[in-house]
Amino acid sequence: MREVRVRFAPSPTGALHIGGVRTALYNYLLARQQKGTMILRIEDTDQTRYVPGAEQYILDSLKWVGITIDEGVGVGGPHAPYRQSERQSIYKQYAQQLIDSGQGYYAFDTAEELEQMREKLKAGGVDTPQYNSITRTQMRNSLTLPAEEVKRLIDSGAPYVIRLKVPRKEEVRLNDLIRGWVSVHSSQIDDKVLMKSDGMPTYHLANVVDDYLMKISHVIRGEEWLPSAPLHVLLYRAFGWENDMPQFAHLPLLLKPDGNGKLSKRDADQLGFPIFPLTWKDPHTQEVAKGYREAGYLPEALLNFLAFLGWNPGTTQELFSVEELTQAFSIERIGKAGAKFDIHKAQWFNQQYLRAKSDEELAEFLLQSLQKENISCSKEKAVKIAAVMKERVTFPQDFWEQGKYFFHAPAEYDQGVVAKKWNEEAVKVLLAFKDEVSTLSTVDAATAKASLEKVTAALNIGTGKILQALRVSLTGAGGGPDLMMIMEIIGKQEIVQRIEGAVKTLKVKVA
RNA sequence: GGUCCGUUCGUCUAGGGGUUAGGACACCAGAUUUUCAUUCUGGUAACACGGGUUCGAUUCCCGUACGGACUACCA
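Take 1404 as the starting number for the first sequence in our numbering and just add one per residue.
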């Protein structure tokens, strides 16, 4: 079997879509598993759609999720350059080869003439107007024009394109690794433009030439390329490269969570989840789209989630490290049908990965949030907080978002709990508890508990009856980690002050 | 419209001619947690439809329906 060489080949027309990350991941997993080579090629042959910063964004995104590149833009390699705009002369040469062998031809038709042709055909009842074996005989190209005229036009600098002369009737077959045999009749394929009038190749030419030159073994790409795959087969054939043709694997699409259709940025915005790995600011509109990184997703969790959208190991194991994914991955186990994107599952993966971290690692997340807020906190305290909160967080920022009360007294109190649990009796116990705590030198979970029990026993009131009131007075919230641990962490001073504050602020409903 | 691709619980999916159609997420209920979350237990819930082939089809074949992709000098 030949050496595995795969490529991820995005075009720098904007931020990298999450579906693109999955495509990159599948390529990467195969490369790593087979000890092959992962190549990054930038397909920037459309000068009109070039977006500054997009290429760097792609590089940064791959780096963040941990997909490393062996060869390509940013790292170089034996087949450089890996940016298609820098390979113009190569494509020109191969396009010329097609002209010379009679499998390609020059076409001089203007956009208006093409439009006219399509209109005419449509009016004539043709479903799919094509520039093909029939229509090319009526257009202005090197097949219909005399050779001198063609030469004169080219020499005079008239704009032209080079088209592929697609055979009239021939069954074109390809064996897709995911879908099996796919066949299309050549009459359904039109004489695709290979070289544009600006001198740049189209995707079709550039992709085939580069995959051949770069010795790509597997082309793993989105399903949207399936319809043009037969055309690519025709191109390999035209070049005489059929025996070196890569194997194809067309991935099922990522679908929108509700309804139907390809997952779009619009859907993501509407449903409130990111579509890009990293935050992206559109240089034209200045619009900012929050990324997975900024939303608090861990790269390993995101990869695990993405891997399972369209692929599964055939076992019941769901949590896979990248190393395990590399081991388990196989193209054969990629599904055929599109997968709806369910952000809930992504959150679940994130939670699992977060929980698997040590208290020390988790404390770092909290410390980072605190730094942004300009709040100082000892490492020891942060570790303690992380420990009590780890079972209830989904994102790293939750430690701070849901644990603000560890650092300052509540600004407001949960109304539901107050209405239900804040009463004269509770206030009486709380005040007594406060006095009791004041006598202690330090408060820890055990002494807090003992004090509370002592007070409630003395007043002959069940501890459970006032626990919620105590919690709300201390944290403002109705739920949270073990209250005794919270008291240990905030300390005696805060306990006393917060109870006093709550008693002052909250009115007692007179029964 | 045409071409191509697809269709198992709400979602991701396993499975495969004879199964109680399995798992996970989500959801619901109970237990534990004197709260919330966690954890545990249990539950609701699927083979798009119609014809074949067959003793038997969710599984194989053909249609239909539905969905998607493509249909540019964009990738």
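Hint data in this document are derived by calculation from the structure and do not stem from the laboratory. Nothing here was measured: the structure is a model prediction, and the numbers come from that model. A portion of the hints provided could be inaccurate.
Dumping the calculated SDA-like pairs for lysine to any residue here, alpha-carbon to alpha-carbon at most 20 Å [to be verified]:
hint, residue 1, residue 2
1, LYS1807, THR1797
2, LYS1784, ASP1745
3, LYS1775, PHE1810
4, LYS1868, GLY1879
5, LYS1659, ASN1646
6, LYS1787, GLU1815
7, LYS1466, GLU1703
8, LYS1665, ASP1745
9, LYS1599, LYS1665
10, LYS1784, MET1888
11, LYS1599, GLY1480
12, LYS1831, ALA1861
Label-pair restraints from in silico Cβ distances [stated by the list, open to error]:
hint, residue 1, residue 2, range
13, ALA1814, ILE1746, 18 to 24 Å
14, GLY1480, ASN1663, 25 to 31 Å
15, ALA1814, ARG1669, 34 to 40 Å
16, LEU1870, THR1729, 26 to 32 Å
17, ARG1405, LYS1739, 23 to 29 Å
18, VAL1691, ILE1537, 30 to 36 Å
19, LYS1739, SER1631, 54 to 60 Å
20, ALA1814, GLU1783, 39 to 45 Å
21, LYS1684, ILE1746, 19 to 25 Å
22, THR1451, ILE1493, 17 to 23 Å
Here a beta-carbon is modelled for each residue, glycine too, at the ideal position from N, C-alpha and C.
Hints versus structure:
The hinted pair formed by LYS1807 and THR1797 meets the criterion: a straight-line CA distance of about 16 Å does not exceed 20 Å. For the given pair, LYS1784 sits about 36 Å from ASP1745 by alpha-carbon distance, which is inconsistent with the 20 Å threshold. Proximity of LYS1775 to PHE1810 is assessed by CA-CA distance (about 14 Å); at most 20 Å being required, the pair is judged to hold. Between LYS1868 and GLY1879 the alpha-carbon distance is near 17 Å, which keeps this suggested pair within the 20 Å criterion.
Annotation: proposed proximity of LYS1659 to ASN1646 is violated, straight-line Cα distance about 39 Å (limit 20 Å). Simply put, LYS1787 and GLU1815 have alpha-carbon atoms about 25 Å apart, too far for the 20 Å limit, and the pair is violated. Our distance criterion of 20 Å between C-alpha atoms is met by LYS1466 and GLU1703, whose separation comes to about 12 Å. Restraint check for LYS1665 and ASP1745: satisfied, since their Cα atoms lie roughly 13 Å apart, inside the 20 Å limit.
Between LYS1599 and LYS1665, the direct Cα distance comes to roughly 29 Å. Violation of the 20 Å bound is thereby established for this hinted pair. Pair hint LYS1784 plus MET1888 holds up; C-alpha atoms about 11 Å apart against a cutoff of 20 Å. Between LYS1599 and GLY1480 the CA atoms are separated by roughly 28 Å; this puts the pair beyond 20 Å, and the hint is violated. For a cut-off of 20 Å, the pair hint linking LYS1831 to ALA1861 stands: about 12 Å separates their Cα positions.
Remark: the range hint 18 to 24 Å for ALA1814 to ILE1746 is contradicted by a beta-carbon distance near 30 Å. Distance hint check: the CB atoms of GLY1480 and ASN1663 are about 41 Å apart, inconsistent with the given range 25 to 31 Å. Roughly 36 Å separates the CB atoms of ALA1814 and ARG1669, a value that falls within the hinted 34 to 40 Å. Checking the proposed 26 to 32 Å range against LEU1870 and THR1729 shows it is violated: the Cβ atoms sit about 49 Å from each other.
For the pair ARG1405 and LYS1739, the beta carbons lie near 26 Å from each other, so the given range of 23 to 29 Å is met. Between VAL1691 and ILE1537, the C-beta spacing of about 50 Å breaks the proposed range 30 to 36 Å. The hinted window of 54 to 60 Å between LYS1739 and SER1631 is violated, with their beta carbons roughly 19 Å apart. Distance hint check: the CB atoms of ALA1814 and GLU1783 are about 26 Å apart, inconsistent with the given range 39 to 45 Å.
In this structure the supplied range 19 to 25 Å holds for LYS1684 paired with ILE1746, their Cβ-Cβ distance being about 22 Å. Taking 17 to 23 Å as the suggested C-beta distance range, the pair THR1451 and ILE1493 conforms, at roughly 22 Å.
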